[in-house]
Amino acid sequence: MTTATTEINPADTLRMTVYASLSAALIAAGAYMAIPIGPVPIVLQNFFVMLTALLLAVRWGMGAIAVYLLAGVCGLPVFAGGMGGIGRLAGPTGGYLIGYLPMVLIIGLIVEKTDKRMIFDILAMILGTIILYTCGVTWLKTVTGMAWSEAFTLGMYPFLIGDAVKIAVAAPLARSLRPLIRQAETLKI
Amino acid sequence: MNIIEIKNLSHRFANGEIGIDDINLTIREGEFVVFAGMNGSGKTTLFRHLNGLLTPSGGSVILDGISVADDPKRARRMVGMVFQNADSQIVGETVYDDVAFGPENLGLEQAMIAQRVSEALHAVGLNAHADKRPHLLSGGEKRRLAIAGILAMGSRVLVFDEPFSNLDYPGICQVLKQIVSLHHAGHTILIATHDLEKVIFHAQRLIFMKDGNIIQDGAPDDNLKEAERFGVRTPCATHFGKEPISWLT
Amino acid sequence: MADVTAFSYLTGASALHKMDVRFKLASMILCSLTTVKTQFAGLFFLTLVLGIILLYIRFPLKTLIRELRYFSVLLLFVFIARSLSAPGLPFIKLGFVTVTYKGISDGALVCWRLLNIVFTGLIFVATTRPSTLKTAVEWWLKPVPFIPEQRVAVMISLMIRFMPVILEQARETADAQKARGVENRKNPFYRLKKIALPVLIRTFVTADELSVAMDARCYTEKRTSMKLTAGKNDWLILGGVILLCCLMVV
Chain A
1 MTTATTEINP ADTLRMTVYA SLSAALIAAG AYMAIPIGPV PIVLQNFFVM LTALLLAVRW
61 GMGAIAVYLL AGVCGLPVFA GGMGGIGRLA GPTGGYLIGY LPMVLIIGLI VEKTDKRMIF
121 DILAMILGTI ILYTCGVTWL KTVTGMAWSE AFTLGMYPFL IGDAVKIAVA APLARSLRPL
181 IRQAETLKI
Chain B
1 MNIIEIKNLS HRFANGEIGI DDINLTIREG EFVVFAGMNG SGKTTLFRHL NGLLTPSGGS
61 VILDGISVAD DPKRARRMVG MVFQNADSQI VGETVYDDVA FGPENLGLEQ AMIAQRVSEA
121 LHAVGLNAHA DKRPHLLSGG EKRRLAIAGI LAMGSRVLVF DEPFSNLDYP GICQVLKQIV
181 SLHHAGHTIL IATHDLEKVI FHAQRLIFMK DGNIIQDGAP DDNLKEAERF GVRTPCATHF
241 GKEPISWLT
Chain C
1 MADVTAFSYL TGASALHKMD VRFKLASMIL CSLTTVKTQF AGLFFLTLVL GIILLYIRFP
61 LKTLIRELRY FSVLLLFVFI ARSLSAPGLP FIKLGFVTVT YKGISDGALV CWRLLNIVFT
121 GLIFVATTRP STLKTAVEWW LKPVPFIPEQ RVAVMISLMI RFMPVILEQA RETADAQKAR
181 GVENRKNPFY RLKKIALPVL IRTFVTADEL SVAMDARCYT EKRTSMKLTA GKNDWLILGG
241 VILLCCLMVV
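Chains as they are written, first to last, in my numbering: chain A, 1 to 189; chain B, 1 to 249; chain C, 1 to 250.
Chain A extracted, bound-state conformation:
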């Protein structure tokens, strides 16, 4: 059964379309999944965003994020807290959502340009996280009119430990999941 499935080769585009769609669904579901450890629970959403970038690379990774955001803009309850719509992008936390796009771009680019060694994956995720917070905190500051120091205290510092955990777990996971994805040939497009 499993051997039969992996043998079949539906058109690459179809397979990647399905991977990207299900990654978008996974990211949406990730908003509702949290591990209740420590003062700030670890929400799985940006963890899945990083893995999507590591596994699907630039083109399909960005596609997954774009579809996710588009669905949210149209009002489907895919953002954390359930309430979707443009209001969430315009609201104080909107920058963390829009920021997924450049985040996936940078992680995907690094993954495509390097040889998938774990050290590069980790580096990519650290850079991606920095970009995500740049977008998120800047937007938070703009909407709320807070000072930079306050914006950082509220919008970044409490999450950094969780993010370190996510990066540390995502790197080995990506390594064991990559064979499942069979994307080697697709990357060359």
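Pair by pair, the computed Cβ-Cβ distance ranges are:
id, chain 1, residue 1, chain 2, residue 2, range
1, C, 88, A, 149, 19 to 27 Å
2, A, 102, C, 45, 35 to 43 Å
3, C, 140, A, 172, 38 to 46 Å
Chain B stretches covered by chain C per the calculated footprint, using a threshold of three residues with CB under 8 Å from any CB of chain C:
id, segment
4, 99-112
5, 146-156
By construction, these hints were calculated from the structure, which means they are not laboratory data. Every residue gets a Cβ at the ideal spot worked out from N, C-alpha and C, and that includes glycine.
Mind docking chains B and C on chain A? Use the hints.
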């Protein structure tokens, strides 16, 4: 008339493992055939050659005169397939959308699609659920939805891979009833299973597979008793020397 | 489970329900964008209109409160931050914190704008069947170059279809692990890995099966799209929305 003709069909997987080995088989239009065998005996692999999902390493499959390899699109229209896991077969956000998926791929006119969808949903008795989200259907309803999805494409041959797995008793009855009525409506039915109990009463032909080969092919009455030689449990009734009975009575 | 995935669509037959989704989507986005530039008078007027619409489509109060629960925390946060950070005439002084008049009016303005955007979104979602939404998105993306609009439509519908499936699988996985005492392990690395790996593997296996099943059903990107037909009413409503938006900005 033979609707399916399989000639010397072999399939070897990329890792060198043999999936099926030199199979020859003909199936007449309107036949109800059960393929039995242990997991890994090649049933699924064989089925996936019927609509070109797998490309053979050797041999060919001819559907109503035309080879699958020559026209895979036609093969996929003609042979509708219900997969083991209905949940990963359902594509649409609503029941209606899912049934419309196939006809939309065929590029049919909107009005034609609506007609086909409503016919298919009527055939499986899900017309009242057209706007429901598939995720909320019961197991039996999901499987019937998958059947409606292929009916809407106008498939003449219906192929079922373990259609009763993970279903409760009412679910099994629903699906079985559906399959039997589709057979009466003239469809050719192919079922792969390792559990003969539920379906054998309605079958006209029973084929045993083992290690990628067909090792027994005949009327259920003749070869049912030998089932356990091939790793398949014989139905209870046969054990007690009686005729199999239908699950629908 | 059901509360998370129940999209807040309300069955109904109001003029908004019957409206062409393309027009409705455009109206919603137009409204939301102009709101960002609107001052108090305009906001008051818009809220009035939106309030009447909410009543007209019989939006249940309970759902409204539930939907706004999370967002109101964000709004409160924005309000407090704004009122503390703006310079100007002090309203009250508490220790070293100064709340200014300008801060309060600034905060109120921003919050009111956001609230209006959320109301607009709620009305849209409540009157739009999720399955027709992708058709509208597909139509609007058609003139955009380099974006395969039909693929996007398929992706959106697959996403809507599989989000609850993935959540359910994740819940199953989490329950199975709880049953085996995973909560005794406080190591976050361990916990994250143990929950993520099975969820990811199942998702990608589902993806593999799904792409085979789609292939078996002749999947192609040159598919029939749903037809939407615009009537006189759609143009009228859109015209009204444009007029409203112009009024609000002025």
